[in-house]
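Required output: the full structure, derived from the provided sequences and hints.
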Amino acid sequence: MDQALCGDVQVERILLYSFLQNCRNCRFTEELDSLRSQVMVSSPKSLFSVEIDDGELQTDGNRSGRFQNGEPDSVVQVDVFQIIGAQLAEIGDQLAREIQPRVVNDLVLQFVNESLSREEVMRRLANAVEGLMQTVPREMEPEKAKLVLAMVLAKTVANKMPSLLQRVFNTTVNYISQNLHHYVMNMG
Numbered sequence: 001m002d003q004a005l006c007g008d009v010q011v012e013r014i015l016l017y018s019f020l021q022n023c024r025n026c027r028f029t030e031e032l033d034s035l036r037s038q039v040m041v042s043s044p045k046s047l048f049s050v051e052i053d054d055g056e057l058q059t060d061g062n063r064s065g066r067f068q069n070g071e072p073d074s075v076v077q078v079d080v081f082q083i084i085g086a087q088l089a090e091i092g093d094q095l096a097r098e099i100q101p102r103v104v105n106d107l108v109l110q111f112v113n114e115s116l117s118r119e120e121v122m123r124r125l126a127n128a129v130e131g132l133m134q135t136v137p138r139e140m141e142p143e144k145a146k147l148v149l150a151m152v153l154a155k156t157v158a159n160k161m162p163s164l165l166q167r168v169f170n171t172t173v174n175y176i177s178q179n180l181h182h183y184v185m186n187m188g
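At position 3 of the sequence shown (counting the first as 1) the number is 3 in full-length UniProt numbering, and the numbers step up by one without a gap.
Any given hint could be a false lead.
Stated by the list, open to error - Distance ranges between label pairs, derived from CB positions:
id: 1; residue 1: R102; residue 2: Q77; range: 24 to 30 Å
id: 2; residue 1: E120; residue 2: R24; range: 15 to 21 Å
id: 3; residue 1: A126; residue 2: T29; range: 23 to 29 Å
id: 4; residue 1: V80; residue 2: N113; range: 33 to 39 Å
id: 5; residue 1: D79; residue 2: H182; range: 18 to 24 Å
id: 6; residue 1: T29; residue 2: S117; range: 26 to 32 Å
id: 7; residue 1: P142; residue 2: V112; range: 25 to 31 Å
Rather than coming from a laboratory, the hints here were simulated on the basis of the structure. Just so it is clear, the structure is predicted and the values come from calculations on it, not from any experiment. The beta-carbon is built from N, C-alpha and C at its ideal position, and this holds for glycine as well.
And the structure:
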């Protein structure tokens, strides 16, 4: 997977990383630390923006951080998505109690099965999210519920088997990017 900053997936990476970093009772902190360099972006030019240099100099001397998502001039602030991820982690900790161990165990088996394609594993994650939608409070927006459930499932699978964090992380980022990207961008 391309780790370049010009891809729309970067926001989803920042959001999921922040979510996982702020969850309680995580057994995968060492593995999460190894993901930090792939996710968190800082450069001498900009510490708070996902940066695509368009040559525009800001009043503070930094280059502008623009994100290519089809909307010119949209600035994506890393710190905003870190805060959102932390807030969603609080909601996720509450929803995690409703997830049956069988659902997590089934997903662990899917992630361990290396003969399954990325697409098939992502489809099974999507099915698990859909199956858990009935456990979400009715007043929660469906997109927000799917986002939080996907991230909670990533957390619970990684807690069960920390060595799967990289695969779980990438699969969840792809799921969010393909299914909830516009919702995530609107959150920021």
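Unsatisfied constraints (hint numbers, rising): Structure breaks hints 1, 2.
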